[in-house]
Every structure is written in C-alpha cells, then in structure tokens.
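Engineer: For this one, chain P is given, so just place chain E on it according to the hints.
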Amino acid sequence: MTGGSVASSPAVATSGVAAGPIGLRAWLRLSDQPFGAILGFLLPALLFYLAFTVYPVLLTIYDSIFRVLPNRPATYVGLANYTAVLTTDPTFWQAVRNTIIWASVGPVTEISIALLLALALYAKIPGMRFFRIAWFTPVLMSYVVVGIIWMWIYNYDWGAANTLLRFLGLGQLVRSWLGDPSTALPSLILVTTWMWTGFNMVVLLAAFHSLPAEVLEAAELDHCGWMGKLWFVMIPMVQPTILNLAILSFVGKMKVFDLVWVTTRGGPLWSTETVSTYVYRRAFDWNTFDLGYPSAIACIWFVIVLAGVLVLSRIFRRHQQLEF
Amino acid sequence: MGFGRPLGRGLLIVALALYTAFAASPFVWVFVLSLRTTTEIYADPYGLPLPPHFGKFADAWLGSSYDVYFMNSVAVVFSAVAIVTVVGAMAAHCLARYQFRGNRALYFLIFSTLIFPPQVTIIALFQILIEYQLFDTRIGLILVYVSLQLPITVYILESFFRRVPSDLFDAARIDGYSEVVIFWRISLPVAWPAISTTIIVNTILLWNEFLFAIVLISSDSKRTLPIGILKFMGDQSNDVGMVATGLMIAIVPVVAIYVFFSEKLIQGMTAGAVK
Numbered sequence: 027m028t029g030g031s032v033a034s035s036p037a038v039a040t041s042g043v044a045a046g047p048i049g050l051r052a053w054l055r056l057s058d059q060p061f062g063a064i065l066g067f068l069l070p071a072l073l074f075y076l077a078f079t080v081y082p083v084l085l086t087i088y089d090s091i092f093r094v095l096p097n098r099p100a101t102y103v104g105l106a107n108y109t110a111v112l113t114t115d116p117t118f119w120q121a122v123r124n125t126i127i128w129a130s131v132g133p134v135t136e137i138s139i140a141l142l143l144a145l146a147l148y149a150k151i152p153g154m155r156f157f158r159i160a161w162f163t164p165v166l167m168s169y170v171v172v173g174i175i176w177m178w179i180y181n182y183d184w185g186a187a188n189t190l191l192r193f194l195g196l197g198q199l200v201r202s203w204l205g206d207p208s209t210a211l212p213s214l215i216l217v218t219t220w221m222w223t224g225f226n227m228v229v230l231l232a233a234f235h236s237l238p239a240e241v242l243e244a245a246e247l248d249h250c251g252w253m254g255k256l257w258f259v260m261i262p263m264v265q266p267t268i269l270n271l272a273i274l275s276f277v278g279k280m281k282v283f284d285l286v287w288v289t290t291r292g293g294p295l296w297s298t299e300t301v302s303t304y305v306y307r308r309a310f311d312w313n314t315f316d317l318g319y320p321s322a323i324a325c326i327w328f329v330i331v332l333a334g335v336l337v338l339s340r341i342f343r344r345h346q347q348l349e350f
Numbered sequence: 052m053g054f055g056r057p058l059g060r061g062l063l064i065v066a067l068a069l070y071t072a073f074a075a076s077p078f079v080w081v082f083v084l085s086l087r088t089t090t091e092i093y094a095d096p097y098g099l100p101l102p103p104h105f106g107k108f109a110d111a112w113l114g115s116s117y118d119v120y121f122m123n124s125v126a127v128v129f130s131a132v133a134i135v136t137v138v139g140a141m142a143a144h145c146l147a148r149y150q151f152r153g154n155r156a157l158y159f160l161i162f163s164t165l166i167f168p169p170q171v172t173i174i175a176l177f178q179i180l181i182e183y184q185l186f187d188t189r190i191g192l193i194l195v196y197v198s199l200q201l202p203i204t205v206y207i208l209e210s211f212f213r214r215v216p217s218d219l220f221d222a223a224r225i226d227g228y229s230e231v232v233i234f235w236r237i238s239l240p241v242a243w244p245a246i247s248t249t250i251i252v253n254t255i256l257l258w259n260e261f262l263f264a265i266v267l268i269s270s271d272s273k274r275t276l277p278i279g280i281l282k283f284m285g286d287q288s289n290d291v292g293m294v295a296t297g298l299m300i301a302i303v304p305v306v307a308i309y310v311f312f313s314e315k316l317i318q319g320m321t322a323g324a325v326k
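So the protein sequences, as listed, match chains P and E. The first sequence runs contiguously to residue 350 in my numbering. The second sequence runs contiguously to residue 326 in my numbering.
Isolated chain P (complex conformation) (with noise of 0.2 Å):
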C-alpha cells in the first residue's frame, strides 16, 4: 500500500501487493486503490440495492407477463396483461387522467405560489426565521394525520370550509366537498398544494440568497425596475432550482397514495382515484388476488413517469437555451 501510493502506473495494479484479482482490479482501473475495503465499504449497500430494489422490479416486469395467484403456479399470459390495462380497463384510464390532472396542476400553483411568498419575505420582512419554520411544518406531517385533519375541514355540517362560507354569506356554495365527484379531486389537489407550497417556498428563498449580489446590482444599475429585475434577471437565474422542484413535485404526485386512501378511497364514483390506489386496489384489496395484472399496471406507470421527468427536463433545458 504505501508502494501504491506513490505511484500511479499501471504496473502496480498488475504486482499483486493487494488482494483481489488481477483482472477485475485492472477492469475497474483501481492502480493504487483498495480493492478489499472498496468492496467491503460498498458490499452492504450494493446487497439492500440488489434485495430490495434491482431484484424486486425484475420481479415485477417478469409477474406482468403471467397471471400470479396465490398457492398456485403461476401462468404465462404474454402481453396480456398489457393490452387489458391498455384497452379494456376504464376505471384505469380514469385513474390516469386523475393523476395527470394532480401531477400538472400540482406543481404548477406550488412553484408559482411559492415564488410569490419567496419573493416576499426576500424583500426583508421582519420575522422571517418564523415565516419560513411555520410555513414549512405541513410537509413534516403523516399524510395520515394531513388527511384525517382536512376530512374534517372538508366535513358538511361542521366542517371549517363550510363554516367560513356560511359566515362569509356564500352559502349556497356549502357542500360536502370530498363527496361531491366534481369537487372531491380539486378539494385533494388543494390538501397537496397546501402541504409542500412552503417547502417549495423555502428552497426558492434559499435560491434566491445564494444569487451572486454583483449581478442584481449591475441590473439595478442598467435602470432595471422590481419587476424588471425578478422577470428578466431573479427568475432565470433560479431555474435549475425551478426545474428541479418542478420534477419533485411532478412526481410525487405521480406516486400519491396516503392522502386518497386515507380521505376518500378514491371514490366517490372513482373520481379520487389514483394510479397507485387503483394499484394497491387490484393487488391487495380486490378477492381476485391476481398480482401479474397490477404489476402489468405498475411497468406501464413506471415508464409513463420516466418520460415525464425526461420531457420536463427537456422543456426547460430549451427554454433557458432561449433565454440566454
């Protein structure tokens, strides 16, 4: 090792000092390095990786192909699985439709929500260290707790939506909101928008402390107004950050599950329902059992959500090719 150390060449991967052989040592270009404590530094997260996930998503791409019950051998369907989902399965295309629905609008009103309160409390308002801790605490919560709390915001008699809009004198608006299929999903969409707006809010403030001063000064100087300044110079420069919160919330509305099985089970007549509790439905909660049809479901999501993270990143990556 201390030979090793010195020099670099080749020839040191090749004079056997260290264990491990020869080959792998060279392929993996390790000259000087370790090979023993790289593989034992690595080994017990390489296993959790292989166990429980690598080997867990083979499993469910082979499943999809085959119809899997319990106690029995499994079937070989072929492609089954897939055109069912694809052509004969209503209730999944309105859970897709749902999804998307929450997945772009979504992050839509929490980035531009959140801009607008960054944006505030960038301006030095006094008790910013609150502002930023209070804002932030919904997303520290169990969508367990969230949901059980906003079922009861949203609940007809007594309910704090409703009870506002009595006072407010806008009673016929008054309805049972997650019972109602026209409003029960907007209602959720909101619970969500609720819960990570101050955490979007709170990375765009830490974005925009890190912008370098010199720059906003030169474009004070150019005579570049408040609004000027945030849209042409603020903005842009934010838009990785942008981006990237784009990309987390969009999918993590991709994934929601809790909030909807905790409040409304997907219904009522599926408005609710989602991706992954229509998912979670088919496998878990139906008498069928069959678990090669929800894996067939799983796959087809999986790559649906993929293409969507590349396809954002793609639209703004030329976007801020045109800006610059």
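Source of the hints: derived by calculation from the structure; they are not laboratory data. Every residue gets a Cβ at the ideal spot worked out from N, C-alpha and C, and that includes glycine. Check each hint, because a few of them may be wrong.
[Said to hold, decoys possible] Partial chain E-side listing against chain P, Cβ under 7 Å, derived:
| no. | residue |
| --- | --- |
| 1 | Ala-142 |
| 2 | Tyr-149 |
| 3 | Ser-163 |
| 4 | Ile-166 |
| 5 | Ala-175 |
| 6 | Ile-317 |
| 7 | Thr-321 |
[What the hints assert, rightly or not] The calculated label-pair distances, taken between Cβ atoms and stated as ranges, are:
| no. | chain 1 | residue 1 | chain 2 | residue 2 | range |
| --- | --- | --- | --- | --- | --- |
| 8 | P | Trp-53 | E | Val-310 | 43 to 53 Å |
| 9 | P | Leu-338 | E | Arg-213 | 22 to 32 Å |
| 10 | E | Gly-98 | P | Thr-109 | 56 to 66 Å |
| 11 | E | Arg-236 | P | Thr-109 | 51 to 61 Å |
| 12 | E | Arg-155 | P | Arg-192 | 53 to 63 Å |
| 13 | E | Ala-307 | P | Ser-202 | 30 to 40 Å |
| 14 | E | Ile-181 | P | Thr-109 | 21 to 31 Å |
| 15 | P | Leu-50 | E | Arg-155 | 16 to 26 Å |
Structural biologist: Okay, now just chain E, sitting in the frame of chain P:
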C-alpha cells in the same frame, strides 16, 4: 427595493400573515380539539378548550393499542435509521473517496431510484417477504425501510464527503491507518453535520411512512403509528375528540424534533432541490 414604501410593506405583511394562518390553523384546530370531549366539540366545533381535558391523552394511550403502535414505530424507525446511516455512510464514503470504473454509474443507479414509483417494487416485495417469512414482521419492514431511505442518504452524504479535502485522508494513510480506521476515525467525525441531518430527515420520513407499512404489516400488534391511527380512526370515527387526541400523539414527536433541529431538518429535506 420596491417594497420600501410603508403601504406596500403593510400589504405584504397582511398577505404573509394570511398565508401563515392558512398553513398553521389546521394544526392549531387539532390541538384545540385534542383537549376537548366529543360532546363539547359537537356542541361548538370552534370553541376553546375550557376546561382542557388533558386526561384524554392518557385515555388514548391506554384505552386503545396506541402505546403498542407508538412503540412499534419507535422500534422500527430507530432500527432502520441506525442501519441506513451506517450502510449509507460507508457507501457514500466509498463513492466519494475512491476512484474506480463504474463509480459514477453506480451512484447514478442508486440515486435514480428516488424517482421510482413505489408500485414498481411493492407488489414484488410483498411476494418476496412472504417467501422468506418476513411478511408481517417488524424486521421485514425495517429492511425495506433501509432500502427505501438508502438513495437519499447516499446522496446527501456523498456530496458532503466529496467536499472533505483529500489531504486529510492522505495524511492518515501515510501515518499507517487502515482504510476502516480512516473511515471510522476521520470520515465519520468530519461528516457528523451531514450525518446528523440524514438521521433527522430519515427519522421524520419513516415516522410518517404509510404505504409500505400498510402492505407489509397485517397483524394489529405490529402496526406502526400511521396505520394504527387509521385503524383507530376506523374504530371510533364518530369520536372526533378522541381521534384528535390520537393525532396529537403522532404530531408531538415530529414537532419536538422540528423545534430543536428546524434548520437541520429544512436543510436536509431541501437537499438537492437547490441548484
């Protein structure tokens, strides 16, 4: 700045206060409800907790299996966080410190699982845990939780280890320390700020975890708090006051951690989002 005028500033503060009320009032309401009986709540849902019924906390804790759920959550979360911290730190140290072919590919692979929808593993994990007699066991849930938090842990720690000057390690190496001792005596202490951040973030995230718990745990005696609350809610859905007390018991530990470590928690949760 354009908001220097007192009028603009005043409007701004009003807007911020309104949003703060919107963000915080649900929690204040639950706190108030948790101190009132259901009869009082139905008589006036927005009344003050006078007199406050602190005894409800004891009732919720002892009257249902709440103590069991709470202790299950503590056991599962602490074990999972302990394991993921050690395993993640070792991997992050290795990926940041040693150069070898496939290093970046491996890092990217682990990192990319952050965007995986959980459905793509959960059905198979259900089958796998059944096959290895780990279904409906706390150990099975702990192992799954470790793998669930591994990517974010490696991500946060790797970026920290990368910034530690390598002179520190080279000096230790010349002094004849072994790689394990270097990790234990130098990497871990130096990275303590980042490690404590991952510990706090992982604790909160796993404390709140719901989907994997509901799929992988079936017996009442092994339920963690989130699925326990749901059961509690299902059993006494009309007893609003009691459910509110149950919610507060789940909220209090999170708020306690937040009060002491707010900056660290915010830092950790937002890690990676700021670029």
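Engineer: Identify whether the interface hint at E:Ile-317 stands, where standing means a beta carbon of chain P within less than 7 Å of its own.
Structural biologist: holds (6 Å)
Engineer: Verify the interface restraint on E:Thr-321: the C-beta must sit less than 7 Å from at least one C-beta of chain P.
Structural biologist: With a minimum Cβ separation of about 5 Å from chain P (threshold 7 Å), the hint on E:Thr-321 holds.
Engineer: Do P:Trp-53 and E:Val-310 keep their Cβ atoms within the hinted range of 43 to 53 Å?
Structural biologist: Holds, at about 51 Å.
Engineer: Hold the hint about E:Ile-166 up to the distance rule: shortest CB distance to chain P must be less than 7 Å.
Structural biologist: holds (5 Å)
Engineer: Holds or violated: the 51 to 61 Å window for the beta-carbon distance between E:Arg-236 and P:Thr-109?
Structural biologist: Given a distance of about 59 Å, which is inside 51 to 61 Å, the answer is holds.
Engineer: Should the hint that E:Ala-175 touches chain P count as held when the rule is a Cβ pair under 7 Å?
Structural biologist: holds (4 Å)
Engineer: Is the gap between the beta carbons of E:Ile-181 and P:Thr-109 within 21 to 31 Å?
Structural biologist: Holds: the Cβ-Cβ distance is about 28 Å, inside 21 to 31 Å.
Engineer: Measuring from beta carbon to beta carbon, are P:Leu-50 and E:Arg-155 in 16 to 26 Å?
Structural biologist: 18 Å Cβ-Cβ, so the 16 to 26 Å window holds.
Engineer: Is the hint on E:Ser-163 kept, meaning its closest Cβ partner in chain P is under 7 Å away?
Structural biologist: violated (9 Å)
Engineer: Given a hint of 22 to 32 Å, does the C-beta separation of P:Leu-338 and E:Arg-213 actually sit inside it?
Structural biologist: Taking Cβ atoms as reference, P:Leu-338 and E:Arg-213 lie about 27 Å apart, which means the hint holds.
Engineer: Does the Cβ distance between E:Ala-307 and P:Ser-202 fall inside 30 to 40 Å?
Structural biologist: holds (36 Å)
Engineer: For the hint on E:Tyr-149, just tell me whether its beta-carbon gets within less than 7 Å of chain P.
Structural biologist: holds (5 Å)
Hint 3 from the earlier list is the only one contradicted by this structure; the remaining hints agree with it.
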